[in-house]
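Participant: Residue-level listing of the chains:
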Amino acid sequence: MDDKALMASLEETLGGGNPLHGGDFLRTWDHPVNTLRAVADTARALKAVYGAGGSCKIFDSGLAVSIFRDQSTRTRFSFASAANLLGLVPSDLDEGKSQIAHGETVRETANMISFMTETIGIRDDMFIGEGHKYMAEVAEAVDEGHREGVLAQRPSVINLQCDEDHPTQSMADLLHLQATFGSLEALRGKKLAMTWAYSPSYGKPLSVPQGIIALMTRFGMDVTLAHPEGYGLLPDTIDVCQRHAKESGGSFTQVHDMGEAFRDADIVYPKSWAPFQVMEERTKLLRGGRGDEVAALEQDALAANAKHRSWETTEELMAATRGGEALYMHCLPADITGVSCEEGEVAASVFERYRLRTYHEASWKPLVIAAMMLLTRCEKPLEVLANLASRGVARRPA
Amino acid sequence: MDDKALMASLEETLGGGNPLHGGDFLRTWDHPVNTLRAVADTARALKAVYGAGGSCKIFDSGLAVSIFRDQSTRTRFSFASAANLLGLVPSDLDEGKSQIAHGETVRETANMISFMTETIGIRDDMFIGEGHKYMAEVAEAVDEGHREGVLAQRPSVINLQCDEDHPTQSMADLLHLQATFGSLEALRGKKLAMTWAYSPSYGKPLSVPQGIIALMTRFGMDVTLAHPEGYGLLPDTIDVCQRHAKESGGSFTQVHDMGEAFRDADIVYPKSWAPFQVMEERTKLLRGGRGDEVAALEQDALAANAKHRSWETTEELMAATRGGEALYMHCLPADITGVSCEEGEVAASVFERYRLRTYHEASWKPLVIAAMMLLTRCEKPLEVLANLASRGVARRPA
Amino acid sequence: MDDKALMASLEETLGGGNPLHGGDFLRTWDHPVNTLRAVADTARALKAVYGAGGSCKIFDSGLAVSIFRDQSTRTRFSFASAANLLGLVPSDLDEGKSQIAHGETVRETANMISFMTETIGIRDDMFIGEGHKYMAEVAEAVDEGHREGVLAQRPSVINLQCDEDHPTQSMADLLHLQATFGSLEALRGKKLAMTWAYSPSYGKPLSVPQGIIALMTRFGMDVTLAHPEGYGLLPDTIDVCQRHAKESGGSFTQVHDMGEAFRDADIVYPKSWAPFQVMEERTKLLRGGRGDEVAALEQDALAANAKHRSWETTEELMAATRGGEALYMHCLPADITGVSCEEGEVAASVFERYRLRTYHEASWKPLVIAAMMLLTRCEKPLEVLANLASRGVARRPA
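Chains as they are written, first to last, in my numbering: chain A, 1389 to 1786; chain B, 1389 to 1786; chain C, 1389 to 1786.
Check each hint, because a few of them may be wrong.
The list treats identical chains as one, so a pair stands whether inside a single copy or across any two.
[To be verified] Capping the alpha-carbon separation at 20 Å, the derived lysine to any residue pairs in SDA-like fashion look like this: (1) K1768 x G1441; (2) K1672 x F1569; (3) K1445 x V1781; (4) K1768 x A1440; (5) K1592 x Q1459; (6) K1768 x A1782; (7) K1445 x A1782; (8) K1768 x P1785; (9) K1768 x A1786; (10) K1521 x T1671; (11) K1445 x P1785; (12) K1521 x Q1642; (13) K1672 x L1685; (14) K1445 x G1780; (15) K1445 x A1786; (16) K1695 x P1420; (17) K1768 x D1458; (18) K1592 x E1686; (19) K1592 x D1688.
What the hints contain is simulated information worked out from the structure, not anything from laboratory work.
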């Protein structure tokens, strides 16, 4: 798709307005499909300018505040890259890990960090029932602050991973699929297997698989979710997927067999996650001041995990996919058997064959975050992007 | 006051020059009242440009280095926001907490962090007799560095809270009073009660109450300082306040009764702090390598604190203020009874009524810091501000 | 040398091209002398623009990522200053200390932090056989990433100190010598004594003395390396120095007597370092999971150190240098007897006499790093520098 076609597509999906302007991006399912297409188109438009050596700087000044409630190298750099790309300066609020703050503290802090802030990126994915709630509280607090004249402008809130969704990851994955298969339309009828995989580590968040199945069912894909018994995702998300599949003309299937999911799949996304019941129990223990019982819970969870060592992405499983050539996807880092662990999510030879493609997949994330920043902050994104493409400002001298 | 009147006021207070240019901002009482008025006017001029969506960027490049010798979220963000507003990039020197370094180390480090630095913000408030001294040492070191050709320019030093004063807080508070009562002139004759309040935590710095009483006595206010026996502030500051009150035609009174301080007050500022004798003893113990005795000292101090639980800002006390409607102020975060602690500085219903006003109060801090940066770095602030107001550069595209 | 002469010199050393463009700066001995001269000339050209109040901003946007594998205040600020000077925003990757990561992790991480990155500065100096290897791996990874279309541009890798070399330090030292003696040509025949000195601390990296002797032997100097028995540097570096001295018409001598090294020296560089055999042993222990044996190794090393307390830079030793006025150099911070330790590398009176000169020495480091960034990123540095000098953009308003 050339630049003109891209701008025409964006014009169509925006429908003469910009539904994200002044708002937030918390979960993909909060937005109509056209808004998601607009995010994708904006990311691609930024990539085109950047790839040609051009400047995407649209902000004169302003902070992009990040709040990471657990460690993150990749997302931190994606956020800093996106901020810098657009001219914002990243600033990190380090609250201390594992803190579940609500109420007055959130309301106050949200305002205190927002006086000269354009956007706030939050990662809070460790506690079921908490992450999304916290982000919504921050959004409400800056609403009030702006309404009451405390803040000259209302920063947008961008979800960098919560307990329910990981929209910057799933949107990056969607762009990777679009680039791989040629268009979003080409995804219709493709079989995507989102499957659990074994990992020796415990407690990986559920938001990646949740985000993937909730998003991909909106594009007419045949999505199969596979996991061992006891590793189910949040029931609400399953409902969302059923509805999405119906609306988009795709399908959503659940199985408990990795091989069945891989059979004839066009795309496979094998990744470990924790059972949500365990995560819920963990949240309860920590909230009730019973942190000393968490270790025992983790031991049980690891022991349960260990029964499913066979859920590994092997060459044999890959061979059973469509033409033996399904696209392997991963949000990285993967647990690679014999490389990063003894037994893990994926065989070394499989991973190595797709390694660079997973890097390409990841390369969309800063662009997706930048697109969300731009769309939530600029009223007229079409004009902004057209100006970026035409003004011809280079990022550096020759 | 419109923009023209504001610029006229600034012109008058600057008196055709800029006494802060090339210098530092360490304590409000180091400067004549007109210089403080110039800081206030500059902060308001920046707020006007920012509030209209305009860019306040005046630096092309340059670092704004911060040194935080104890933890701080709010001040850290205020500093980063101010730096970003003006076009500087914040860079934090993390020396490790509670380190009392002097002499060669300070002299050397001050130069090593200043090669491309416009301003250095320092917070060092934990040790009586140390914070201001350290900042003065840094100022002397960059003086020497610049004089001897090591530094192409001499960065300014801005006090983000020391053991004696907290000028960015007190100046923000002054601007809040100016906005609330209409003008600095309107503050004349107003009764301000700076009073100790109970908190279950120990060792809050003295610099907030010190800064408030030393500043507000300069504007003709009737300042009453109230605290239990044994919670006195530094004797030198008390002398300063007496002198200020005399010079400005206001008054300065000390009482040991919260109710007496609140009676007919126009403004109340109830806040906990540690007795300076305890802080001095603590400094001595830490300096003498007797850190193991600090815990016992803290226990004693907490036990002493606990005798004064009745020093809480209740509805009853508020009702006794002028018309029952005194302005409640706090530097945040407050210890709110039943919200952030069991018993604290202020009743929940009182705090909630003034909550948004305390946010407004806090919103001046980044602007005050930016004003100090601008005035210490730019020779002709009037021209700089007039240009910001007239050039019409937006912070972001529509 | 005036600006015109400087640009003429740069034109000559660059030879009509720019051998650093698109590449890295890992070790001075990877590059011909003319390339090193070009780095020096570029640093001086930047200093001239900066010293006149001008802007050196050439990047519109872009990240400058730093990876510090051990603590560093000075180098961190030098890197942030250099980045800011050119318009890049510094972003730090905190991997946790003392981690020896290789292979897949390095390959992946290098790409994940590079999507919008212009340059990566790395400090990794604690493990013999590791630091340079790690940097080369990062360089290879971004090569692959760019070749395969993952990265729109290939960031440069700049060595901020490895196990073998410390090129930003040694180049800053060269510029200090050039400024002190008038020209690089004037260094020919000067005697430089790089000597070990006693320090009560253990395990200082070898890369400073290695970098100094490997670089200074290229400019026709008579370089003497002095250290107690058992404190030898890496054999490969010694070979490099022999070759360099031969090629440049200088000399390279090794002695085990501090007094002999100081005699008639024009320049003395007395500094502590660890024996490389101890560092090698330490690396082996840590790699083999025998971290508990490191403490014993350190005790032995400290005991060995203590036998050489007489290796201190005294007034007596200084008096034996050329005219009693050799230039004393140090990379800072120095262990100063009676100031920063009981017995150390240098007598207090000697250090104080040269203190400001060591600050001047250090002031070149941000400029050297900026020069390396500029030369590795810009194809036509002559045009870029000429434009900076002529465009007359001030860093801030008057």
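Participant: Could you work out which of the previously given hints the structure breaks and list their numbers from low to high?
Facilitator: Hint check: 2, 12, 16 and 17 fail, others pass.
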